[in-house]
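These protein sequence lines are chains A and B, in that order. In terms of the working numbering, the first sequence has 83 at position 83, counting the first letter as 1, and numbering is strictly consecutive. In terms of the working numbering, the second sequence has 45 at position 45, counting the first letter as 1, and numbering is strictly consecutive.
I should point out that these hints are in silico values taken from the structure, not numbers from a laboratory. Take these hints with a grain of salt, some might be off.
Label pairs and their in silico Cβ distance ranges [said to hold, decoys possible]:
(1) B:63 <-> A:69: 34 to 42 angstroms
(2) A:15 <-> B:20: 42 to 50 angstroms
(3) B:86 <-> A:40: 18 to 26 angstroms
Note that the coordinates shown come from a computational prediction; the quantities given were computed from them, not determined experimentally. Note that CB positions come from ideal geometry on N, CA and C, so glycine has one too.
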Amino acid sequence: QKEVEQDPGPLSVPEGAIVSLNCTYSNSAFQYFMWYRQYSRKGPELLMYTYSSGNKEDGRFTAQVDKSSKYISLFIRDSQPSDSATYLCAMKGGEAGANSKLTFGKGITLSVRP
Amino acid sequence: GAVVSQHPSWVICKSGTSVKIECRSLDFQATTMFWYRQFPKQSLMLMATSNEGSKATYEQGVEKDKFLINHASLTLSTLTVTSAHPEDSSFYICSAPGLAGNSYNEQFFGPGTRLTVL
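In isolation and in its complexed conformation, chain A is listed as follows:
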């Protein structure tokens, strides 16, 4: 079993739809959870960052972490064509040092149809 599993997709939705993206993980040491957005042929950009369990909202984006189920989600409300990209979940343990590594999901490609 991989440390981080992410639905492979691809996912295609109409403009305005609510999108739900999910990852599961097996390492209970993970404490920090991130969602990155990557446009084609570009580097990933940090979208949401959450520590431990709970919800975090930023505009149209909501990140949820359920550590008891080892499950994280990203919700996108009122999806726009500009949201079309690959979304990667990433997580790391509680180490505070600069050398602490991220573990990534495989990524899911989202396409929002006008």
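Since chain A is already given, all that's left is putting chain B on it; use the hints.
For chain B alone, coordinates are given in the frame of chain A:
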């Protein structure tokens, strides 16, 4: 947010030649940088951790003699792909952790370098 740049953004080379990719932190110092490679429709695979002033730490299965990493200053790390072959063609991305409070919990990624080996 912190900005990380990479150069070149795109390079084509002949098989057997060496290619150097630069990663720079533009507005912050990075004692550590990470190098990833990404194949089409695949996730990021960590290759190595680059530390300023010391040897890089390579992930299992990554040839350190083929992928030379030099982190000579607090703002620059370089990855040299030596004797490149077509199977080395990939998207190479660097990142640097940013300090927030007392923890390095965010990583800022460069725009990537697309390497094509003919």
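Now for the hints, and whether the structure bears them out:
1. B:63 <-> A:69: 34 to 42 angstroms: holds (39 angstroms)
2. A:15 <-> B:20: 42 to 50 angstroms: Between residue 15 of chain A and residue 20 of chain B, where Cβ atoms are some 43 angstroms apart, the hint holds.
3. B:86 <-> A:40: 18 to 26 angstroms: holds (22 angstroms)
Checked against the numbered hints above, the structure violates none of them.
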